[in-house]
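K.L.:
Protein chains in written order, with the numbering used here: chain S, 1 to 244; chain B, 245 to 1120; chain Z, 1121 to 1509.
Among the clues, some could well be false.
[Said to hold, decoys possible] Within a straight-line C-alpha distance of at most 20 Å, the following computed DMTMM-like cross-link-like pairs (lysine to aspartate or glutamate) qualify:
#  : chain 1 : residue 1 : chain 2 : residue 2
1  : S       : K155      : S       : E203
2  : B       : K331      : B       : E506
3  : Z       : K1215     : B       : D399
4  : Z       : K1215     : B       : E474
5  : B       : K331      : B       : D489
6  : B       : K331      : B       : E474
7  : S       : K155      : S       : E145
8  : B       : K331      : B       : D487
9  : B       : K331      : Z       : D1267
10 : B       : K946      : B       : D848
11 : B       : K946      : B       : D972
12 : B       : K946      : B       : D824
13 : B       : K331      : Z       : E1279
14 : Z       : K1215     : B       : E467
15 : B       : K331      : Z       : D1338
16 : B       : K331      : B       : E467
Worth flagging that the hints you see were computed from the coordinates, not collected in a lab.
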Amino acid sequence: MPRRADASPPRAEDAGARRPAIALLDRVSKSYPAGGETVHALTDVSLSIAPGEIVALVGRSGSGKTTLLNLLGTLDRPTSGRVLIDGVEVQGLTEEALLAFRRDTIGFVFQFFHLFPYLTALENAALPLWLGGQGGPDVTVRARELLAAVGLAEKADRLAGRLSGGEMQRVAVARALAASPALILADEPTGNLDQANAGSVLEALTQLTRERGTALVIATHSEAIAQVADRRVAMVDGRVASAS
Amino acid sequence: MGRRFALLRALGLRPLRRHAGRTLLTLLGVAAGVAVYVGIDLAAESSIRSFSTAARAVAGGASLRIHHRPLALPESLLLRLRPFEGKADLMPTLEALARAHEADGPAFTILGVDLIGDPRVRGAIPWAVGAATPAGGAGPTAGGDPLVAVRALFDPGTLYVPAPLADQLEAGRPSGATRSDSITAVVGTRPYRFRIARIAPPPGSETSVAAPVAFLDLAPFQERFGRIGELDWIDVEPRSGVDPDSLRREIAARLANDVRIEPPEERARMLERMLGSYRRNLRALSLISLVVGMLLAYNALLSTVLQRRSEISLLRALGAGRALVAALIGVEGWIVGLLGGVLGVLLGRGLAEGALALVSRTVSDLYARSSPMAPRLTAGEWALGVSLGVASAAVAAYGPVREALRVRPLEFAREEHPDAPESDAAPRRLLVAAAAATLALWLIAHPRGIGEGVRGYVGAAAALLAGTLAARPFFTAVARLARAPLRRLWSPAGRLAAATAIAARRRLSVSVAALLLSYAIVWGMASLVESFRVTVDAWAGSTLRADLWITPQSRAGSPAEGTMPASWSARLAALPEVADVDAFRVREIAIGGDLCFLGAGRSDVLARHGFLPLVDRRDAAPLLRRLPNARLALVSEPLARRRRLAPGMRLSLDTPTGRHDYGILAVYRDYSSDRGYVILDRTTYRADFGDSLVSTYALYLKPGIPRSAGAAAAARAVGPGELIRVTDTRTIREEVRRVMRRTFAVTDALEIVAAAVALLSVLGTLAALVLTRRREIGALRAIGASRLQVVRALLLEAALLALSGLLLGALTGCLLGGVLVHVLNRESFGWTLALAMPWRRTAILAAALFVAALLAALPPARRAAAVPPREAMSRA
Amino acid sequence: MREPRRRPRAAAPLAAALVVALAALASTAPNGAPAAAPFDPMNARDATRFPRAHGAHPGAALEWWYVTGIASDPDGRRMGFEVTFFRAAVAPRVKGASAWRPGDLYFAHFALTDLTARYFRYDERIGRESVALAGADSTDLDVRIRDWSLRRESDGSLELRAAGSPGTLSLRLEPARPIPVAWGPEYRSDKSADGRTFSRYQSYPRLRASGTFAAPGDSARPLVGSAWFDHEWSDGGADPAMAGWDWFGLRLAGGRSVMIYRLRDRSGETTHLFGGIVERDGRVRRLLPEQVTLTPLRRWSSPRSGARYPIGWRVTLSPPDAPEIRLTLEAALEDQELVTARSTRVTYWEGVVEGEAIEAGAVEGVEGYLELTGYAGGGWPGAGARPAR
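Given the sequences, and given the hints that come with them, work out the whole structure.
P.N.:
The following block contains the structure:
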């Protein structure tokens, strides 16, 4: 199904692991100028995420969670170190190639949903596929399946703007899964939801990723989410403090 | 208070710097609106002022004028006025409309006055008797030989020309000309050579560039221009302590019934009244750009509110009162309004220079001789401009401020889609829009009735209101309808474009309104022009049937200027090339305070060769045959409408043989003058007015005679000494069209500005949308949208916007065109026009606007494409 | 013809000015040769037949009507007035020409000396003989420029009206006798020693003046006093050596009137002197040059023109068969100078003089007008091209 953007991307095999890591950060640092000085957002972080693994990324505001997420999501490039996603060293990709790679490999769930209110739930879910140039009934069928999977089968044709917050985020989950990515990055996915909705969203997210063997990285403040994860990576001042 | 102000400065003004581009855009919008209004107003004002100055300069500030328009006064009338010499200065005057001999040379007036005694030239001509020279006052300027100096004043070869006019006349001379102190003035068909004696401008006429008046003494005037024994008028200035009104009554009692005494500016006033309506029309038109500019400001302010929603919400949570929030948004409006007003006035001053040429030509073409004067930026104009700026910003800020007040405290905690309107109120809007449209339609169907004079404006406003109110529902509907085709054509981008367009319909529809307003105005004006063109072409084609027209070369404007002798009639008729000759006389007359034209021609010739379209579509020929030797008249449509005349009614005219009643036989269509014509047969006119001069000869050539041959023969018959212009009908028709094009040149300029402001609005709106949608766009990029897809989506959105603006603009424009043609035009000019739609012109313009809107969308689209995908991520 | 010498009064500066001007123009003006004209405008018949003689004498190149006087209102406010009308022929009438092409031009001066408030104001007019602007009747006295006029009524009185910056003057002037005083036979006054040119000169030296005067912005007040009237016409020509003249028109309290003028050359020497006394009974006694001594006592310099006018005089009259009369005269106001830039373009002094006359030990008051010309600028008005200053 998903095609690789490049026929022979540089692939680094992790000799120690039984399976290759879906995401690998190798001594990654990220700094950027801000107000005349350099902020070191990440310092020398190495992290490996296995396929199907659920990782909770915890830490206080400013600890480097979002930066880490941006690097994992190929939305940003490291200052130093290597980032390999699904075995591909993303620094080497052109923007066009990266766009296609990201579309096929990574799904996103945002804190503020970022659905298009005047598209239906179905259309929102199908959007990544359409953006990738796919069309026809297959896409609709797949989107409908995913919506059914997040429990919104009967609301598939409703405008996203008319849905509740929880429902919207479940649509976002469906959208993140649309292109069958190997990795889903969720940025505070329940931060804007009440507890009940947060629960249902989290359930949908974890259940569906586990079913599909998709790796999931959730940046969160929530201990409840951290409990659900296979692993917990705590960030302090741009470093990985502990990984359990 | 101080602290509060500091807060306001920090929260209200600092952000201005942050979105300097948008603030600048708003400023430009307001400034453009103000500039157009001020510019057009200034141009119209200075053009009208120059005209009035010219008209009033001749009055010299006298309080009363004795005249016998359209005829001359016998100079012996002064003898009857001798008893009043102790009470008033009596200033006999003669007038000749001249034109410098060079092709299309400047037109000016030669006044015949008493150069040695007339107080009006006091100070300008050294010999004029001055007022008091109290002992110790004047210097010892006595000396020189009195008689030599006086005799020079009576020299028939010397024309006394105020320096500014002398400069103008010399500037117009071909560079090859050698003798710089002499000119040839053409009066009627005759050249008159004069030596120019430069004089200071007469006091009180510092503006005499616009009052092109030269002076000749009464004696040489009468002798050179063949006016022995005649005066054109006598100005009367009461001495101090003499009541002008009672003097007027006393003088009136001594004069014959048909001689009038009235304030000299009466004629100027009548003309000014007509110019007033022209100015009103221009003003109404220029208001449009103000509205379009206002829409732009509204949009920018609304964007500010939406963008700063969370900030406002936070402020509210921190305890900021509603007043502070209102002030926060209001301050931007105020600053923009104030600066926009100032900038607008300055721009308007520049614009006026450009518009002036256009406006002046029209004033000259349609109303009276005038030469442009520099626009005068008065304190009043400043006040007007700045208050318009502030007012339009205040109106524009109303909605955004209300929006800001609706922001609840702590709303930032649950970010919603910022653009979602609380409610579209679509049914209410549509209802009002429908009512406005119905009103406009009703007015088109019933152009007459109460409120005449403003029905046109009401109708135009209703049409534009309908369009503006319908903008949002219409845009939403278009976006919904476009969803399916867009999905099919440009799948993800099209789908997104429709979705985001609907989401942002509120702000986008303001731009839609701006676009539709400017397009509707272009459409409406173009249909007025087109209707004019089609109607006048058809009219000219059917009525202007003579082959050649002979007019005096001095004629610069009004058809009443310059005359030719009646004796040419026989000479022209005797030519073997000529089948028939019509001798047409035109004079200016006043009917109940309206200045119009009295025309007298040979109705038998007209009946034989011509065609006179009657309003009631009867055949004119049998009526024309009844005209000779009868007190019967035809009136033109504009006059009939203005004076409410109809066939069967009687019209009273003052003539040298007394006041006579003329039965109105019919009303005929005429597009040559909005002042209107009363037409008599030449026989009746000669009998009643004792005047045999001819203003225009119309020649009907025998079949097969080429016009050039006819023209040559006519010129030969008239003689080489006569300066005439022989024009063929095609040239006349072209002239009619040229006048029309010039008349509407100003409106073209207005349309361009309105369109430019509308395009600015498109640019501004989309730029603001991109700003508020950064995260959304970031998310889109994160989930796999390419830059191209983002650009395409925004361009499609702009296309939707432009499409709905143009579509609704076309509908509104049709409505507006109907109002302009059937209601406003009738009220202003009194013409019946057949509504014609300017398809080609509007189609081309629509295409241009569409492309321009897409181009305007390009910069925001590129900015959108540059939004990094990580914008979608939380910043926490 | 008892008088051995007859000189024109040459009262108005304009007279000479216009005469010279006309002489200069004679070569170009079609009427430059009066000798060829079959009609002689200076004929004695038209000078002695009344009322025709009061009217204008068309054809005569120059003519003027001159009124000066002193009057007071019921509050005792005294004022002197001068109203003069000049007629100058410009060109002959041509058939078919505009009625506005002037055969004659008219000028007028109106000066007022307020002897109580002590100020002097004047105004001037110019007008052409045409349809209505200005003109004079040739059958009786009726001359006017716009609203300024001097007219003889059927009862023999003169109606004078002038209005301008000095105020509005309206007077009725009643001559003591209907026939004007003749200073020479048939009113003739020679203008040169050889008598080739001459004027006709008629006077009412003592008119009863009554009427009203309204100062600017004020209402009209009644006025009573006495006035002097001159009417003179000539057909041009003047002694080129003449630089100016001094003219006296005086009324003695006892009822006699005295007129004296002298012509000066450039060095200030008297070239001609002429005078006469009108007795109480109207008889005219001629004064010969050797019977008159004129001694300037005081001069005043005009700040405007720089002219030094002799405004204080001792005049001694020694008639052969009567006691000597010694007059002392002083200007009632120093500045009574007229700069007539807007009409005749001459600068002259004309104003009220007052003083006393002593005759055989008896003293009587004297008042009248003094006219001084040719003091300003050094040139002579009209005597060729000359700068304005």
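K.L.:
Could you run down the list of hints and mark each one as holding or not?
P.N.:
Hints and how they fare:
1. Note on K155 (chain S) and E203 (chain S): the hinted pairing holds, with a Cα-Cα distance of about 19 Å set against a maximum of 20 Å.
2. Under the criterion of a C-alpha separation no larger than 20 Å, the hint pairing K331 (chain B) with E506 (chain B) is consistent with the structure, at around 17 Å.
3. At most 20 Å may separate the alpha-carbon atoms for a hinted pair to count; K1215 (chain Z) and D399 (chain B) meet this at roughly 17 Å.
4. Our distance criterion of 20 Å between C-alpha atoms is met by K1215 (chain Z) and E474 (chain B), whose separation comes to about 16 Å.
5. The straight-line distance between the Cα atoms of K331 (chain B) and D489 (chain B) is roughly 12 Å, inside the 20 Å bound, and the hint therefore holds.
6. Of the supplied pair hints, the one linking K331 (chain B) and E474 (chain B) is violated, its CA atoms being roughly 24 Å apart against a limit of 20 Å.
7. Restraint check for K155 (chain S) and E145 (chain S): satisfied, since their Cα atoms lie roughly 12 Å apart, inside the 20 Å limit.
8. Proximity of K331 (chain B) to D487 (chain B) is assessed by CA-CA distance (about 9 Å); at most 20 Å being required, the pair is judged to hold.
9. For the hint linking K331 (chain B) to D1267 (chain Z), the alpha-carbon distance of about 8 Å falls within 20 Å, and the restraint holds.
10. Using a Cα cut-off of 20 Å, the hinted pair K946 (chain B) and D848 (chain B) holds, with the two alpha carbons roughly 17 Å apart.
11. As the CA atoms of K946 (chain B) and D972 (chain B) are separated by approximately 15 Å, the hinted pair is consistent with the 20 Å bound.
12. Taking the CA atoms of K946 (chain B) and D824 (chain B), the gap is about 8 Å. The hint holds against a cut of 20 Å.
13. For the given pair, K331 (chain B) sits about 17 Å from E1279 (chain Z) by alpha-carbon distance, which is consistent with the 20 Å threshold.
14. In summary, the hint linking K1215 (chain Z) to E467 (chain B) is supported, as the alpha carbons are separated by about 12 Å, within the 20 Å threshold.
15. Between the alpha carbons of K331 (chain B) and D1338 (chain Z) the distance comes to roughly 16 Å, so the proposed pair stays at or under 20 Å and holds.
16. Taking the CA atoms of K331 (chain B) and E467 (chain B), the gap is about 30 Å. The hint is violated against a cut of 20 Å.
The structure is inconsistent with the numbered hints 6 and 16, although it conforms to all the rest.
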